[in-house]
Amino acid sequence: MFRKIMAPVDLAHAARLSRALQVTADLADRYRAEVCFVAVTAPAPGPLARNPEEFAARLEEFAQAEAARHGYRASSHSMVSHDPAVDLDDTLLRARKETGADLVVMASHVPGIADFLLPSHGGRMASHAGVSVMVVREE
Amino acid sequence: MADDTTNQGIPQPEGEADLIETDYEIGQDNVEGSLGPFGFDIHNPVFMISGLTIVAFVFYALALPEQSAALFGWLRPAVTANFDWFFLGAGDIFVLFCLFLIVSPWGRVRLGGNEATPDYTYVGWFAMLFAAGMGIGLMFYGVSEPMSHFSTSLGGPVLEDGMRTDWAPLGGAAGDEMASVRLGMAATIYHWGLHPWAIYAIVALALALFTYNKGLPLTIRSAFYPIFGERIWGWTGHVIDTLAVFATLFGLATSLGFGATQANAGLNELFGIPVGSGTEVVLITAITAVALISVLRGLDGGVKVLSEINMGLAFLLLVFVLLVGPTVAILTGFADSLLAYVEFLPALSNPLEREDVNFSQGWTAFYWAWWISWSPFVGMFIARVSRGRTVREFIICVLLIPSLVCVLWMSVFGGTAIHQVIADGFTGAQEAPLELKLFKMLGELPLASITSFIGIILVVVFFVTSSDSGSLVIDTITAGGKVDAPVPQRVFWCVFEGAVAIVLLLGGGLAALQAMVISTGLPFTLVLLLMCWAILRGLMSEAR
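Chains as they are written, first to last, in my numbering: chain G, 1 to 139; chain Z, 1 to 544.
Simulated from the structure, these hints should not be mistaken for laboratory data.
These numbers come from a predicted model, not from an experiment.
Treat the hints with caution; some may be incorrect.
In silico lysine to any residue, SDA-like type, Cα no more than 25 Å apart, as pairs [to be verified]:
{"no.": "1", "chain 1": "G", "residue 1": "Lys4", "chain 2": "G", "residue 2": "Ala33"}
{"no.": "2", "chain 1": "G", "residue 1": "Lys97", "chain 2": "Z", "residue 2": "Arg297"}
{"no.": "3", "chain 1": "G", "residue 1": "Lys97", "chain 2": "Z", "residue 2": "Asp300"}
{"no.": "4", "chain 1": "G", "residue 1": "Lys97", "chain 2": "Z", "residue 2": "Gly301"}
{"no.": "5", "chain 1": "G", "residue 1": "Lys97", "chain 2": "G", "residue 2": "Glu53"}
{"no.": "6", "chain 1": "G", "residue 1": "Lys97", "chain 2": "G", "residue 2": "Ala25"}
{"no.": "7", "chain 1": "G", "residue 1": "Lys97", "chain 2": "Z", "residue 2": "Asp119"}
{"no.": "8", "chain 1": "G", "residue 1": "Lys97", "chain 2": "G", "residue 2": "Asp29"}
{"no.": "9", "chain 1": "G", "residue 1": "Lys97", "chain 2": "G", "residue 2": "Arg32"}
{"no.": "10", "chain 1": "G", "residue 1": "Lys4", "chain 2": "G", "residue 2": "Met134"}
{"no.": "11", "chain 1": "G", "residue 1": "Lys4", "chain 2": "G", "residue 2": "Gly100"}
{"no.": "12", "chain 1": "G", "residue 1": "Lys97", "chain 2": "Z", "residue 2": "Tyr120"}
{"no.": "13", "chain 1": "G", "residue 1": "Lys4", "chain 2": "G", "residue 2": "Asp90"}
{"no.": "14", "chain 1": "G", "residue 1": "Lys97", "chain 2": "Z", "residue 2": "Pro118"}
{"no.": "15", "chain 1": "G", "residue 1": "Lys97", "chain 2": "Z", "residue 2": "Ala56"}
Whenever a hint applies, use it, and build me the whole structure from the sequences.
Take a look at the structure:
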């Protein structure tokens, strides 16, 4: 039913994504789908990498580690955004198009009052992605 | 490593760049958490020190208005009178250093590694450079500065007890209209041409180099790695970053104050809306609200779009004044002003033993302090959008082209107003207060109400872009160089800038703001001089 699952991850907080990663693995196994990990970085150095290339390498490392752990095929697709704090949604929507994924599985926070000001990424993804989106609430 | 097909989102491989090896991890001193529904990720202690000091300062200005007004009134002349030589001399060093880099072999170094490609087109890039760098200032001083220097030059030197009490640049040109025009334009261009842009270029270059090529966090302290080494992650760096936050906040609040008074003057001229601190507070509040929307739309959706719109509007206004104003006089004036600039530059930029004390201290030294206090903000913003340019291309584009555009702007707006005095005998703009001169000049041209309205819009939008990009910069510095800190922090700084501008306007008017600009500009001048050395050290190890 699904051939390629896009899994947006926040590499800096990968530990908080345990439920979403597990669901991704279960679905990949069920549908024999490839998992494509997507992460967004700014051109400026960040905590994880000093430039976009290093960041892409870190993401690929993460993808292959997940693939080995769960036994599915994985790839990675890193995105550069000038202003990731604001442009994250649009960048992820672009990544969905570029990767050609037909399912998105992503973690989301518990909705709160701040969502009226800054809507959640999962919510926006679900309304605009044009493919199935599964938003997994982390505890 | 991902292969090319899975990795299209990334620019081409960047080639060699000389990364600095350090154990410091970006964000390691940060405090992450949430306050109610809003998340935050701030640098400890830079955020707290700068935030609390500014709050304390604002309370002081409000609680003891008379005492603080006296202090501010004393501070500005005290600093400019004692340190004018330092500001002027440093300004000259910055220009010479930039010109040297253009012709030096290091001009070939590319920001972001030798295979990096630019993130923005020239149009988008220039629009942002300009909107961030001068915006409101061009609107405020475009007519008023050439006019002021022209009038004082014409008046000639006035001596009292052997001291000059007039405000004329150099020796003035008593009674000689043509010579006064030339001297007035030269003095204006001196303040808006190479010198301010050299100051911006140095900060921007240092930040871009140490961020994109050396892999250090996007914050002012990174530029000092060659000088202080690992100590920049400690208190040395905290002090530098905190100074940068002060300079940015007060520099920005001053411009916002100028913007508010000018928009108010324009609205009064057009619609009879009363002039006063009440209206200005409403204006600052309303414009800050618009800036908030721009902040929430981010760099590409907010500042960039607004900057481009404003560049378009400013260009239209420029062409309009050029065409319906005294076209021939302006165009010959442009060439003549440039020549006058070259002719008077050595005398104007001489830092020592100046006789025109009022001009060199009250105008030049104040301007230099103002540009310098703006430099962390504009420099960091320019750095953020300049990845992929070579050093030579970068300096030519940040130094020479904006300087030329400023000369053109001043020639058109100032030239028209001066022409109105000389040829038409209209002295409305000459006699009006600073913030009103632009509208008086436009009032003499056709379609005055439309162009004046566009003028007000320009001031307001420049206000918005400054406030937005300013919040972006202060947020990045106070987040230890993280560019993806939670957006509510930016919202906080944006609101805070508006609040500081309001409080200082109420507390002591523009004098208070200007005094703070000068006092934060002084220590930062030293920071900038050190930065030149750091840039050289950084460039030496790059592939060219």
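Given hint tyrosine 120 of chain Z paired with lysine 97 of chain G - CA-CA distance at most 25 Å:
Holds, at about 22 Å.
Are the Cα positions of lysine 97 of chain G and arginine 297 of chain Z separated by 25 Å at most?
holds (22 Å)
Pair hint outcome, lysine 4 of chain G versus glycine 100 of chain G [Cα-Cα no greater than 25 Å]:
Satisfied, since the Cα-Cα distance of roughly 8 Å is no more than 25 Å.
Straight-line alpha-carbon gap lysine 97 of chain G to glutamate 53 of chain G, limit 25 Å
Roughly 21 Å between the alpha carbons, so the hint for lysine 97 of chain G and glutamate 53 of chain G holds.
Given the hinted pair lysine 97 of chain G and aspartate 300 of chain Z, is their alpha-carbon gap at most 25 Å?
Judged against 25 Å, a Cα distance of about 20 Å means the pair holds.
Is lysine 97 of chain G within 25 Å of arginine 32 of chain G, Cα to Cα?
Holds: lysine 97 of chain G and arginine 32 of chain G sit about 21 Å apart, inside 25 Å.
Is it true that the CA of lysine 97 of chain G sits at most 25 Å from the CA of proline 118 of chain Z?
holds (24 Å)
Next pair to validate is lysine 97 of chain G with aspartate 29 of chain G; report whether the Cα-Cα distance is within 25 Å.
holds (23 Å)
25 Å Cα cutoff - pair lysine 97 of chain G, aspartate 119 of chain Z:
holds (21 Å)
Verify the proposed pairing of lysine 97 of chain G with alanine 56 of chain Z, using a straight-line Cα cut of 25 Å.
violated (50 Å)
Quickly compare the C-alpha distance for lysine 97 of chain G and glycine 301 of chain Z to 25 Å and report which way the hint goes.
holds (20 Å)
Checking one constraint from the list: CA of lysine 4 of chain G to CA of methionine 134 of chain G, max 25 Å. Satisfied?
holds (14 Å)
The structure fails to meet hint 15 from the earlier list, while all remaining hints are met.
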